[in-house]
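Peer 1: As a plain string of letters, each chain reads:
2 protein chains.
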Amino acid sequence: MILDKLREKMKDENIDYYIIPTLDPHGSEYLPDYYRERAFITGFTGSAGTAVVSKDKAYLWTDGRYFIQAQRQIENTGFELMKMGEEGVLTYTEWIKENIKDNEVVGLNAKYYLQNSYDSLESALKDKSIEIKDIDLIKDLWTNRPNLPKDKIFIHDIKFAGKSIEEKISELRNSMREKNADLTIITSLDDIAWLFNIRCNDIENTPVAISYAIVERDKAYFFVDKDKLTDEVVKHLNQEAEIFEYDEIFDFVKNYNNKNIYVDKNRINNKLYSNLNSSNNIISGRNLTEFLKGIKNDIELTNQRKTSIRDGIAVTKFIYWLKNEVKKREISEIEASEKLRSFREALENFVDDSFGTIAAYKENAAMAHYTATEDNYSMIKDKGFLLVDSGAQYLDGTTDITRTIALGELNSEEIRDFTLVLKSHLALMSAKFLKGTTDRSLDIISRYPLWKENEDYKHGTGHGVGYFLNVHEGPHSISQRGEGIPMEVGMVVSNEPGIYKEGKHGIRTENIIEVVKDIKNANGEFYKFNTISFAPIDIDAIDVNILSEEEINELNEYHEAVYNNLSNYLQDNEKNWLREVTKKIKR
Amino acid sequence: MILDKLREKMKDENIDYYIIPTLDPHGSEYLPDYYRERAFITGFTGSAGTAVVSKDKAYLWTDGRYFIQAQRQIENTGFELMKMGEEGVLTYTEWIKENIKDNEVVGLNAKYYLQNSYDSLESALKDKSIEIKDIDLIKDLWTNRPNLPKDKIFIHDIKFAGKSIEEKISELRNSMREKNADLTIITSLDDIAWLFNIRCNDIENTPVAISYAIVERDKAYFFVDKDKLTDEVVKHLNQEAEIFEYDEIFDFVKNYNNKNIYVDKNRINNKLYSNLNSSNNIISGRNLTEFLKGIKNDIELTNQRKTSIRDGIAVTKFIYWLKNEVKKREISEIEASEKLRSFREALENFVDDSFGTIAAYKENAAMAHYTATEDNYSMIKDKGFLLVDSGAQYLDGTTDITRTIALGELNSEEIRDFTLVLKSHLALMSAKFLKGTTDRSLDIISRYPLWKENEDYKHGTGHGVGYFLNVHEGPHSISQRGEGIPMEVGMVVSNEPGIYKEGKHGIRTENIIEVVKDIKNANGEFYKFNTISFAPIDIDAIDVNILSEEEINELNEYHEAVYNNLSNYLQDNEKNWLREVTKKIKR
Numbered sequence: 001m002i003l004d005k006l007r008e009k010m011k012d013e014n015i016d017y018y019i020i021p022t023l024d025p026h027g028s029e030y031l032p033d034y035y036r037e038r039a040f041i042t043g044f045t046g047s048a049g050t051a052v053v054s055k056d057k058a059y060l061w062t063d064g065r066y067f068i069q070a071q072r073q074i075e076n077t078g079f080e081l082m083k084m085g086e087e088g089v090l091t092y093t094e095w096i097k098e099n100i101k102d103n104e105v106v107g108l109n110a111k112y113y114l115q116n117s118y119d120s121l122e123s124a125l126k127d128k129s130i131e132i133k134d135i136d137l138i139k140d141l142w143t144n145r146p147n148l149p150k151d152k153i154f155i156h157d158i159k160f161a162g163k164s165i166e167e168k169i170s171e172l173r174n175s176m177r178e179k180n181a182d183l184t185i186i187t188s189l190d191d192i193a194w195l196f197n198i199r200c201n202d203i204e205n206t207p208v209a210i211s212y213a214i215v216e217r218d219k220a221y222f223f224v225d226k227d228k229l230t231d232e233v234v235k236h237l238n239q240e241a242e243i244f245e246y247d248e249i250f251d252f253v254k255n256y257n258n259k260n261i262y263v264d265k266n267r268i269n270n271k272l273y274s275n276l277n278s279s280n281n282i283i284s285g286r287n288l289t290e291f292l293k294g295i296k297n298d299i300e301l302t303n304q305r306k307t308s309i310r311d312g313i314a315v316t317k318f319i320y321w322l323k324n325e326v327k328k329r330e331i332s333e334i335e336a337s338e339k340l341r342s343f344r345e346a347l348e349n350f351v352d353d354s355f356g357t358i359a360a361y362k363e364n365a366a367m368a369h370y371t372a373t374e375d376n377y378s379m380i381k382d383k384g385f386l387l388v389d390s391g392a393q394y395l396d397g398t399t400d401i402t403r404t405i406a407l408g409e410l411n412s413e414e415i416r417d418f419t420l421v422l423k424s425h426l427a428l429m430s431a432k433f434l435k436g437t438t439d440r441s442l443d444i445i446s447r448y449p450l451w452k453e454n455e456d457y458k459h460g461t462g463h464g465v466g467y468f469l470n471v472h473e474g475p476h477s478i479s480q481r482g483e484g485i486p487m488e489v490g491m492v493v494s495n496e497p498g499i500y501k502e503g504k505h506g507i508r509t510e511n512i513i514e515v516v517k518d519i520k521n522a523n524g525e526f527y528k529f530n531t532i533s534f535a536p537i538d539i540d541a542i543d544v545n546i547l548s549e550e551e552i553n554e555l556n557e558y559h560e561a562v563y564n565n566l567s568n569y570l571q572d573n574e575k576n577w578l579r580e581v582t583k584k585i586k587r
Numbered sequence: 001m002i003l004d005k006l007r008e009k010m011k012d013e014n015i016d017y018y019i020i021p022t023l024d025p026h027g028s029e030y031l032p033d034y035y036r037e038r039a040f041i042t043g044f045t046g047s048a049g050t051a052v053v054s055k056d057k058a059y060l061w062t063d064g065r066y067f068i069q070a071q072r073q074i075e076n077t078g079f080e081l082m083k084m085g086e087e088g089v090l091t092y093t094e095w096i097k098e099n100i101k102d103n104e105v106v107g108l109n110a111k112y113y114l115q116n117s118y119d120s121l122e123s124a125l126k127d128k129s130i131e132i133k134d135i136d137l138i139k140d141l142w143t144n145r146p147n148l149p150k151d152k153i154f155i156h157d158i159k160f161a162g163k164s165i166e167e168k169i170s171e172l173r174n175s176m177r178e179k180n181a182d183l184t185i186i187t188s189l190d191d192i193a194w195l196f197n198i199r200c201n202d203i204e205n206t207p208v209a210i211s212y213a214i215v216e217r218d219k220a221y222f223f224v225d226k227d228k229l230t231d232e233v234v235k236h237l238n239q240e241a242e243i244f245e246y247d248e249i250f251d252f253v254k255n256y257n258n259k260n261i262y263v264d265k266n267r268i269n270n271k272l273y274s275n276l277n278s279s280n281n282i283i284s285g286r287n288l289t290e291f292l293k294g295i296k297n298d299i300e301l302t303n304q305r306k307t308s309i310r311d312g313i314a315v316t317k318f319i320y321w322l323k324n325e326v327k328k329r330e331i332s333e334i335e336a337s338e339k340l341r342s343f344r345e346a347l348e349n350f351v352d353d354s355f356g357t358i359a360a361y362k363e364n365a366a367m368a369h370y371t372a373t374e375d376n377y378s379m380i381k382d383k384g385f386l387l388v389d390s391g392a393q394y395l396d397g398t399t400d401i402t403r404t405i406a407l408g409e410l411n412s413e414e415i416r417d418f419t420l421v422l423k424s425h426l427a428l429m430s431a432k433f434l435k436g437t438t439d440r441s442l443d444i445i446s447r448y449p450l451w452k453e454n455e456d457y458k459h460g461t462g463h464g465v466g467y468f469l470n471v472h473e474g475p476h477s478i479s480q481r482g483e484g485i486p487m488e489v490g491m492v493v494s495n496e497p498g499i500y501k502e503g504k505h506g507i508r509t510e511n512i513i514e515v516v517k518d519i520k521n522a523n524g525e526f527y528k529f530n531t532i533s534f535a536p537i538d539i540d541a542i543d544v545n546i547l548s549e550e551e552i553n554e555l556n557e558y559h560e561a562v563y564n565n566l567s568n569y570l571q572d573n574e575k576n577w578l579r580e581v582t583k584k585i586k587r
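Protein sequences, first through last, are from chains B and D. Under the working numbering, the first sequence has 515 at position 515, and the numbering climbs by one with no breaks. Under the working numbering, the second sequence has 355 at position 355, and the numbering climbs by one with no breaks.
Looking at chain B on its own, in the form it has when it is part of the complex (with noise of 0.2 Å):
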């Protein structure tokens, strides 16, 4: 059992813990294979957990999404579940601390772990004699671990990026200088991607490459894998930057000394940060370049439009295929996933999907990030509704939208939730803010008509959203964990409530909006949401009763809309269908 050989090597180096996070050295929300450490040693493929093993316990600590996957891929590996947020179950740190005596040795690979954890561990445990250690005990067990990828890198195009790596940098120097800084430190691989104007298909269905990247007031530098380059890369990154081998950033960086050095704690790794020696000053902080990156300059916004009128499409297509479909047979949710990709495959500029679609029938929907697999899928019936969250990489910007599509006879519950979910929706598309109004403000906007009905959803409203990188990004985020940023012109988020019951249904309607100017007065600058999503919202699920004469406006001016962007695209059945799924709607 791999578990027994881990302990061996805890023994022969003397570790009495050892973690396994589910991290890479760069904080990322989805991890190459080659990274996966926590999967190889528990068994468990979820994309969040913990594993701690210490001389005879192992326990893995996941959240609510996973506990019945944890349970079972964990069977006979000699871990047991720790179930995050139930009552009375510790933390991972608490567990440690709890248990740990004098003397004993806490072991961690610091490449895969996080400043920021690093940092509440340390303080955590910081009353006990204990040592934590840097040691990788996982790499000499993995014998048949998948390689880091090979992929090439390449460059994306100006007409896609809007702006050059100089002027990008240049910008960044900006944001160094109102901070102070001497240098900055960039380890989150969306961030470099878009300093550098590269993609590459390093991670599945987001189009970075696996890279460091350090900026100076005068020279940047960045670290890579150089077998990733081609000559013409080379050549448009030396326009701005040096390059080193990848590993070699974490030597470079002992070099630094009475310097003010920016980095975000929450993406360096523990081992890049400890090679920086205590003459110089850390200033910390998000990413400079997720400020800069988040407001998207007029080609980006221009181009989004674009590819979200054209993924609209194929959204509009899947919906009309799917519920003629569902009248002559019963189609399994995988079917309807791969059919959807399909739709999207065909049109201009795709790259791939932005993250794995989430098709849900009936109460799989009711499971935040249900994923049907090959073992483990729903066939689509002629009731009910059918969740379908998907997206997109186009080399012109990145899709992220959520329909919930009425497939025959609904209850009447279901009806007053889709109903509601719809007024929530309405509620933050309509909005209009001052400027200065924060990404936490807004989110109980579209709360309130929930709120009023006894609902909620336990997920933030909206997620910043990247262009052909990260479709959650940030610095902003609709949500009462929002950090309180102002939102600004050029910001693009998504606008996504729901209700979810056990058991019974899971509904969420998505369209991405971004912030435009809207009219100066007396009372200052207001801001409002220019929704650039386009796909039906299935009128055939609403209950009439329940919107406002200004909500049943708002709806019929979107779908309006809808028609206008689409209907030249489709074939004569398809756009007969949208126009009377998009027809005007009244009491």
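Just so you know, these hints were derived from the structure itself, not from any lab. Keep in mind that a hint or two might mislead.
Any copy will do: because identical chains look the same in the list, a pair fits if it lies in one copy or spans two.
Unchecked claim - Derived lysine-lysine pairs resembling BS3-like cross-links, with alpha carbons at most 27 Å apart:
{"no.": "1", "residue 1": "K528", "residue 2": "K458"}
{"no.": "2", "residue 1": "K452", "residue 2": "K517"}
{"no.": "3", "residue 1": "K575", "residue 2": "K323"}
{"no.": "4", "residue 1": "K520", "residue 2": "K452"}
{"no.": "5", "residue 1": "K432", "residue 2": "K458"}
{"no.": "6", "residue 1": "K362", "residue 2": "K520"}
We have chain B; now place chain D onto it with these hints.
Peer 2: Relative to chain B, chain D alone:
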């Protein structure tokens, strides 16, 4: 000229800059005359402002509410006006920083300077080699200074207070234990009055006694001018506290060593704070009493609801009187205020107004904090709006209510704006929210319908309301500047959105609301608001076409409650009128 005399003093004492703020030693919102040093020196009588005098300059800083009044009042005093908030106008700290030279001395009376402000001043000047000196240059100049009030303190009966001193101090000690505090120094007068169940008349409209308190884990001390105490009050206080003379606290606190001392730096004056020796550990935050006082007990809530109904009778009688009287003759704003007071004076347990009534006709209402005075008031005619914001202190509660009353013909903008303010008011009134939702998050609920129509108000949506205490109290405040305090059952707060148009009109509709429990379900525990103020909202000023049916129902339900709660206490003519003005409206 008084300024010359001050400068002579400054020269004698080697003071180069002297700061005269608007403060008492307790951080009170309203000040007894004794403390109005800034008004004495500058002639400016407004409620906010700071004067700074140097050898050759003398400035008064105040905000937009007071530019006109201040300009007029400081004429010929040698002071010049600094318009706070206007572009390019330095704050007084910035001005001192820009002008002061090495080795110069800033003087201020540390008793009238809050510790937080002192910290800011010190930090702003930290790069200069200057001294900040505690010195009172006013006392010898101010020959006809009013006395400190000598009114007797009285007991706030347990039948009104709901909890004994013993219970309150025991709750406070629980909070102290949570914060690991050995003692807490309480300087804010409403907190002291609440804690000891005492009241007095030391501040206009605010039934508090000038005093300090210290609570240790097993002893408590009360510092006051002993002439203000009757034998009965001494006996009452001695249940829990030892009594000392008011100024003895300054020496008393010098004796604490190695203690954990909890203080509110926004309420403690710099002189008192400076007397705490450095062996102590300071824990700073909002007064712990503020959190206890902010959640009303059941007897307070029951009384406050009854008091609000009683107060509503006065307001309703006043509106009836005004609407009839103005058809016959013009009425001065001052007469209107006095008339309203006369209706309140007739009510059980009435003590005083809870703040200076704002009765502002037409465009006067667009000025925030407008107060009619003997030499500056308008005559009310039978057209446009009168805004009346008023409230009272009763032994069993404090009220605060605003109605904007249509006196006859209105133009379409007045009707539109009145209706928008009503939409905003109803939005918060009928809100439901999950436990844990904060004061700050709720604010946008009220602004949402106004922002949609390009309107806004430049003040908070609501403030906490005391119970026979300060009309404005914390810790909560429904405002973008709220501190993120979770709204708890038993919190009482105002709901007062508005629209203000310079030169045209000002509209505000204000009721007091309390947080109550609603249902608990899979989504969590819901709270909602219960409106406890009752008086008709003027249906003559409503454009029913911009209200949704839901809003119309909410208003109709409120008006039904107004009629049901008030009609039995009115004369027949008033009652018939009330029936008419609270009738159900519809499209």
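Peer 1: Next, verify each hint and record whether it holds.
Peer 2: Hint by hint, here is what the structure shows:
For the homomeric pair K528 and K458, the shortest alpha-carbon distances inside one copy (25 Å) and between copies (20 Å) are both at most 27 Å. In this assembly of identical chains, the alpha carbons of K452 and K517 lie at most 27 Å apart only when taken from different copies (13 Å versus 30 Å within one copy). For the homomeric pair K575 and K323, the shortest alpha-carbon distance inside one copy (14 Å) is at most 27 Å, but the shortest distance between copies (61 Å) is not. Taking the closest pair of Cα atoms, K520 and K452 come within 27 Å of each other only across two copies (13 Å); inside a single copy the shortest separation is 32 Å, beyond that limit.
In this assembly of identical chains, K432 and K458 lie within 27 Å of each other by CA distance both inside one copy and across copies; the values are 24 Å within and 16 Å between. Proximity of K362 and K520 under a CA criterion of 27 Å is satisfied inter-copy only: 25 Å between copies versus 46 Å inside one chain copy.
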